[in-house]
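Novice: Same order as they appear, the protein sequences are chains V and Y. Sequence positions in the first sequence follow the numbering used here and run 1 to 484. Sequence positions in the second sequence follow the numbering used here and run 1 to 484.
Treat the hints with care, as some may be off.
Because identical chains cannot be distinguished in the list, a pair is counted as satisfied if it fits within a single copy or across any two copies.
Pairs of lysine to aspartate or glutamate residues, derived as EDC-like cross-links and limited to a Cα-Cα distance of at most 16 Å, are as follows [claimed, not checked]:
(1) 104 with 85
(2) 482 with 218
(3) 429 with 451
(4) 262 with 344
(5) 476 with 394
(6) 334 with 183
(7) 387 with 217
(8) 116 with 93
What the hints contain is simulated information worked out from the structure, not anything from laboratory work.
Number of protein chains: 2
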Amino acid sequence: MSKKVRTAVTPTREENFPEWYQQVIKAADMAENSPVRGCMTIKPYGFALWENMQRIFDGWLKDYGVQNTSFPLLIPLEYISREADHVEGFATECAVVTHHRLEKNEDGSALVPAGKLEEPYVIRPTSETIIGEAMSRWIRSYRDLPMKLNQWGNVMRWEMRTRMFLRTSEFFWHEGHNAFANEEEAVADTTHILNLYDKFFKEYLAFPGIKGVKTPDERFPGADETYCIEAMMQDGKALQAATSHYLGQNFSKTFNIKYQNKESGEDFVHTTSWAFSSRMVGGLIMMHADDDGMMMPPRIAPTQVMILPILRDDADTDKIMAHAEATAQILREKGLRVQIDSRDMRTPDKMWDAVKKGIPLRVEIGAREADEGTLTHVRRDLGRDSKTTESLSDFGAHVQGILDAIHDDMYQRAKDFMDARIVDIDDAKALDKLFKKKHDGFARMDVAQLEEIGVQKAMEAHKLTSRCLPLADEGKKVLIGKAY
Amino acid sequence: MSKKVRTAVTPTREENFPEWYQQVIKAADMAENSPVRGCMTIKPYGFALWENMQRIFDGWLKDYGVQNTSFPLLIPLEYISREADHVEGFATECAVVTHHRLEKNEDGSALVPAGKLEEPYVIRPTSETIIGEAMSRWIRSYRDLPMKLNQWGNVMRWEMRTRMFLRTSEFFWHEGHNAFANEEEAVADTTHILNLYDKFFKEYLAFPGIKGVKTPDERFPGADETYCIEAMMQDGKALQAATSHYLGQNFSKTFNIKYQNKESGEDFVHTTSWAFSSRMVGGLIMMHADDDGMMMPPRIAPTQVMILPILRDDADTDKIMAHAEATAQILREKGLRVQIDSRDMRTPDKMWDAVKKGIPLRVEIGAREADEGTLTHVRRDLGRDSKTTESLSDFGAHVQGILDAIHDDMYQRAKDFMDARIVDIDDAKALDKLFKKKHDGFARMDVAQLEEIGVQKAMEAHKLTSRCLPLADEGKKVLIGKAY
């Protein structure tokens, strides 16, 4: 590709990756920091992406027999206290509701909290405890199992250092909570969900990841085993993209979730929980965007095709707009999400807007195209080099193929990037040497090495964590890297 | 209809309406009170209803050009303080977040709030203020108008006396917030949205309502005009089903939402806000359910057709299940939501379960039906009297017509009920007399009568409020009644 003399986003990834990330979000108009400490406002274009992700994956969960529910936003303090590991994991970062009223202060100049609650509540950081309490009442016999529940919603973990989508105090996710009669079914559920995530990320987000299990110190508080998908961002850091936890009988014993088995004895159920969050939007940006802005994976893009009418002479406006409408109509009939940018703006500004928003395919229609029944299209991922002029009917016949090719290429680029940056090493010395040379990627080594003091020291020195034991390596290897 | 000797729900509507309401929710397994004071847990069957309502109406909003967003759950105290009327309306009932951490107490026996916030936040009771603040930055010129934003989410108003769906501390809704260049467009938007609600309620929920405007004392805090839809429940009380507010320039002046107009001067925008909430689920119950449980309007029902295989003899099981599956397949191809109840339960229990859940159409398939290629169906609203046996192919050909007839009949019954209970009266004396006789409905009188001391006294004595000035009466009449 040709050298860029000027990029739509400043700074570039190479100049300052964290700041580039913020500027991509701004350039694509996806979100902004809100006046509420640590919380973001998701703007229409960013929210449309999240809605598309929700819609697709929600359908998959329903096909798997999961039912949506809604549990309260607030959780009694006492619930959090019950599960010891859970306390350690969450107690330090919760929003606490202590009052239920506001009153004017003495001089009437401001509102102050009043109506102190006898028992404070926390805004849910996650819902295992309150769902566990409900399951203890809802599950009576083996006939009630499996019970598969999910909710889409907001949760809150008070964060000191925040970054939009990646780490915010309030964030959005789905959280699934399933209960089973035995360990075998529960573990199978945990890995089934992990595979659903992997498939969804691959097929809709063009997002390659590595399936693995977490080491004990990186597990979810209260889990027996945490499965995860780890992905590599363009700065070589890891993003934990989704997790699926096998909780064993930890929560069922704490919350007394028992069932009458077929032999008329009583057993505790085995539970799982699993989630991905709006953090994935951040992951998509850091995996796919470039120095010109966002790059939306076509199958999830809010707008898949943007049509730009190139209006130079008023006399041509009608025929150009008519041809643009006809093009949009044909694409809509194919089920594509299409827009015509008819805003009162200069054409180059519209073009750059589509680039910065990462719209997968841009179609340009000027007077000549209108006359000839053709159009010119440009792939966002390949840029001007992919510029092609063809007839509307030819384009209509293979537009889906172009979008699929963009998807495949985005996936392959990201996968090649990741694969090239996973370096096999043997020992502490090699680990230290690798990251001293500012390795932008992961190291892979025998899992037994994690016990070595030298390895632990090198990890601490370079701020590395064990990301996962890849399933592909059957638990013999560990991936080590920096992480978001 | 035949006299009922036994009802599936106890007590009946006549015996104890409020308790009947709670028992219908329990019998249909839609929701339950949660361990969190004033908050409910929405169970899968109740949530599926709410999801269907969301999905349909969200599509309509998108067609109208509304874009979904997500604003923070928490609102700075200072924002609430800015708009004086808004303070009066909301300050007394907010959940207040004052701490951001939990710590173990001195003896380590419990968790206590720690990390006191310098500035407390409230959990949003509604989002006019924080959206107003954002609009003041997002709107620059007339080119940015109209701006139409919506969000689906949870809000919280601390309630002392709660009732599931109708009045809970946390509830679910959509809240729309639009901004326009002038009053004319903003008022047109307010009524357009009101008409969308009315159409949605009528066409999907079989839910008749009266469109009107609120008297000043019943207006939304901060609104210039509140439009509403008032509906009548089966106890004759009113339910405010939806509201659409014209906010004038109240919020734009408070939050400094200005735009550059075409003449290059600056103007404040005119805003609107509008909502319906999960309260509508309560409204559906109180309008349509009967002494045997819930009655779901067919177009929004989570399950539209429930197929009951009547299994008496093991030898017949295969052919009955095969016929049930074939029936389900034909209905699914028509886009209907169908289930086969193959649970390990007695047939009468399954039958009553379908009745209590209010599934619009029940199909029974036994050995004879399987042999003959027929089925027997029963309408939930008409009961056994509507029992019909016919061939699967005949049924397939007109099942949509049956569901439409159920919808139309449910709407008409509710409308007839309401129309028969709106009594025209002239003065205070007549008002007092009407409600002394325990009138279960509304009174309609000249709006000027509201000024009369006698009318005010009668309203206070009978706990009546002005519900609305119906649009149909061009502001000359007022409806008075008890309300939820």
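Novice: So, for every hint listed, does it hold in this structure?
Specialist: Hint by hint, here is what the structure shows:
no., hint, in the structure
1, 104 with 85, "between (41 Å within a copy, 14 Å between copies)"
2, 482 with 218, "within (13 Å within a copy, 57 Å between copies)"
3, 429 with 451, "within (14 Å within a copy, 89 Å between copies)"
4, 262 with 344, "between (70 Å within a copy, 13 Å between copies)"
5, 476 with 394, "neither (52 Å within a copy, 63 Å between copies)"
6, 334 with 183, "neither (45 Å within a copy, 40 Å between copies)"
7, 387 with 217, "neither (50 Å within a copy, 63 Å between copies)"
8, 116 with 93, "between (21 Å within a copy, 12 Å between copies)"
The structure does not agree with the numbered hints 5, 6 and 7 stated previously, though it agrees with the rest.
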